[in-house]
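Trainee: These protein sequences, in sequence, are chains A and B. Going by this note's numbering, the final residue of the first sequence carries number 419, and the count climbs one at a time with no gaps. Going by this note's numbering, the final residue of the second sequence carries number 109, and the count climbs one at a time with no gaps.
Heads up, some of the hints might be wrong.
A few chain B residues that face chain A, going by a derived Cβ cut-off under 8 Å, partial list only [claimed, not checked]: (1) 46; (2) 48; (3) 51; (4) 52; (5) 62; (6) 96; (7) 97; (8) 98; (9) 103.
For the record, the hints were derived by calculation from the structure and aren't laboratory data. The C-beta atom is built at its ideal place from N, Cα and C for all residues, glycine as well.
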Amino acid sequence: QVQLVQSGAEVKRPGASVKVSCKASGYTFTDYYIHWVRQAPGQGLEWMGIINPSGGGTSHTQKFQGRVTLTRDTSTNTVYMELTSLRSEDTAVYYCTRADAVPSSRAEYFQHWGQGTLVTVSS
Amino acid sequence: DIQMTQSPSSLSASVGDSVTITCRAGQSIPYNLNWYQQKPGKAPKLLIYAVSSLQSGVPSRFSGSGSGTDFTLTISSLQPEDFATYYCQQTYNIPWTFGQGTKVEIK
Numbered sequence: 297q298v299q300l301v302q303s304g305a306e307v308k309r310p311g312a313s314v315k316v317s318c319k320a321s322g323y324t325f326t327d328y329y330i331h332w333v334r335q336a337p338g339q340g341l342e343w344m345g346i347i348n349p350s351g352g353g354t355s356h357t358q359k360f361q362g363r364v365t366l367t368r369d370t371s372t373n374t375v376y377m378e379l380t381s382l383r384s385e386d387t388a389v390y391y392c393t394r395a396d397a398v399p400s401s402r403a404e405y406f407q408h409w410g411q412g413t414l415v416t417v418s419s
Numbered sequence: 003d004i005q006m007t008q009s010p011s012s013l014s015a016s017v018g019d020s021v022t023i024t025c026r027a028g029q030s031i032p033y034n035l036n037w038y039q040q041k042p043g044k045a046p047k048l049l050i051y052a053v054s055s056l057q058s059g060v061p062s063r064f065s066g067s068g069s070g071t072d073f074t075l076t077i078s079s080l081q082p083e084d085f086a087t088y089y090c091q092q093t094y095n096i097p098w099t100f101g102q103g104t105k106v107e108i109k
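If we strip away everything but chain B, and leave its shape as in the complex, we get (with noise of 0.2 Å):
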């Protein structure tokens, strides 16, 4: 299995700030890593999928790069909104993992 590891576990930080998470790979994966927000008791919505396309109907604000094995999701102006847990994943391999989540909370 394609172990994801992510980092930071929790940061906090105010409106208007630039955060970055970033997620490790255990072997290189190409282009087959998504990001995804949740917020408490609903389920996960697409934010970034293949490392840097933006789903449809999420801010710009929201970015992804990285190749190989080392990725990162920027959120370049923190909204309000933007309060929730963070999961990167991996799709190259079955099974699919996912990163264990980045909270990212009000300061």
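Excised from the complex, chain A in its bound form (with noise of 0.2 Å):
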């Protein structure tokens, strides 16, 4: 079956970065684009981008232009998430997650879900 296997909880400094890994198994692995959700505590969810396992081509919302790098390793398979400068508000839970699609259309949706990495950033 498929799973989205995530890296374990982090505690950084402000300024600092962290690296969250989401491991795919039950596919093949260059078929399905990863998507990373966040969610800070109380909140909603939150977009923040996509890779393409396949080619490695990425896009990411720009309110983490600069910050935000998605890579994947495809002897592995599996994708990372690297968030940089981080600061008290980057505190979530990430999630990687896998887009599916309805056969010949564009109709997209996230069915199978990482367990979620929380990173949490205090001084």
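Since each chain comes alone in its own frame, lean on the hints to assemble the complex.
Mentor: Set out below in structure tokens:
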């Protein structure tokens, strides 16, 4: 079955960087885009970015311009999200999720999610 | 970015009630509208995709409808396990934005 398994919780100081991993299994890694979504404590869901595991192409929301890097390793079926210059507002649970689509349409959705990784930014 | 506005932000209801949550998009998003349920400490769970398609394994008391910019999620007979937060999401344009969420609480 499809599984996305994320790395464990992290505690970082302001100004530091964090790299969260998401290991995929149960399907052909390069066939599906992976997205990253975060959720601050008590808040809603915020889309961060997308990576194409096949070619490595990425896109992310302007809010994270210059601070977020999405990468993948096709030898281990793992995608990574690195966020730099951390601030307290980056304290959140970070999720990776796979984009599925209705065949022959543009209707896409998130059926499979990682378990989430809590990143705490605190001095 | 396409703004998604859900209403209400929260509601109280009893087991057996019918509940409707609305979601309005800042522009037309034809059929690219999904609904998720989230319980505390858990990842979101897909309920409805492409406006009205029920995800496999989701009870038939959940239904979605709408078109263009206005969409609804209806729970026909609320069950104890349905008390959670619900989010709509558009996947028409990147960034794939979410509504702010609707918390369904026990009356």
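Trainee: Now tell me, hint by hint, if it's right for this structure.
Mentor: Hints, verified against the model:
1. 46: 6 Å, holds
2. 48: 5 Å, holds
3. 51: With a minimum Cβ separation of about 4 Å from chain A (threshold 8 Å), the hint on residue 51 of chain B holds.
4. 52: 4 Å, holds
5. 62: Constraint on residue 62 of chain B not satisfied, violated at 18 Å.
6. 96: Where the cut-off is 8 Å and the nearest Cβ of chain A is about 6 Å from residue 96 of chain B, the hint holds.
7. 97: Residue 97 of chain B check passes; min Cβ-Cβ to chain A is 4 Å, inside 8 Å.
8. 98: Holds - the Cβ of residue 98 of chain B comes within 8 Å of chain A, reaching about 5 Å at its closest.
9. 103: 5 Å, holds
Hint violations for this structure: number 5 only, all remaining hints satisfied.
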